[in-house]
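K.L.:
All chains should be modelled from the sequences, with the hints used to inform the complete structure.
Residue numbers (this note's numbering), protein chains in the order written: chain V, 1 to 134; chain C, 1001 to 1120.
Just so you know, the hints here were simulated from the structure itself, not pulled from any lab data. Treat the hints with care, as some may be off.
[What the hints assert, rightly or not] Facing chain C, a subset of chain V residues (Cβ under 7 Å, in silico):
(1) Glu5
(2) Arg7
(3) Asp13
(4) Val17
(5) Gly35
(6) Ala41
(7) Thr42
(8) Ser45
(9) Ser68
(10) Ser69
(11) Arg70
(12) Leu74
(13) Gly107
(14) Ile117
[Claimed, not checked] Here are the simulated lysine to any residue pairs, SDA-like style, with alpha carbons at most 25 Å apart:
(15) V:Lys57 with C:Asp1104
(16) V:Lys61 with V:Pro82
(17) V:Lys63 with C:Ala1023
(18) V:Lys61 with C:Asp1022
Even glycine gets a Cβ: it sits at the ideal position worked out from N, Cα and C.
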Amino acid sequence: MTVGEIRVEINSDQDIVVARQRGRVMASELGFSSGDATLIATAISELARNIVSYASKGEIKLKGINSSSRAGILVVATDRGPGIADVRQALRDGFSTSGSLGLGLPGVRRLMDEFEIASQPGQGTVVAVKKWRQ
Amino acid sequence: MEVPILKQGAFLIATFQAALSDADLNQLRMGLVQQVVRFRSRAVIVDVTAMDVMDSFASRTLREIAHMIRLRGAETVIVGIQPEVAFAMVQLGLTLEGVATALDLEEGLAYLNEKFKVTN
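P.N.:
Now the structure itself:
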């Protein structure tokens, strides 16, 4: 099955809801269980919230992917915000610079199967996460 | 988005919808506490059965609601957290420590009726 690519612009907290709803629909279309779709939607919600909290605006890209033996979903959160000075610190539980719970990134990593982050202070942040169908 | 708040005797019942934005949740937090004051309610049941995602912001808001209502001298019971949502919350490391929870609305009402010995 081919499910195309969806881009959701993230400019406000309303867009967080839109992004996670689109993500849930796409996950279901890709054959994920309802439980996995919930994990994916929750991860998207956290990533989109980071964009709103730290960068004001950015974009969430959702895409169906295939490896040799399995299908999955790719979620890429991109912003041109202030970037993260210390990525390793940001991946530690309890770390936050915006007064939030600080669970965002480590939590997202636990919700998904693969997690990649690239961030450049002053340039922005790209977080790419994947989940494979069971 | 409007969140219906029902008055049931000494209790209030707030039914959360699936697509609540952060702004909706913030508004609800103030609204609920004001209603508790207005009706001199003893407890609030927050029904989250319809919520398909409970992220860090939503769960922090729920905890804040419960703590604000406690400062007002009333209690909060969160009911209807779906199994999949509970699983995602645990993965995210989110807890609702110090907040009463119950399986569904019926159980939540039973818990409060027992606690306050009132008949609604």
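K.L.:
Hint by hint, where does the structure go against what was stated? Just the numbers, ascending.
P.N.:
1, 2, 9, 10, 11, 12, 14, 15, 17
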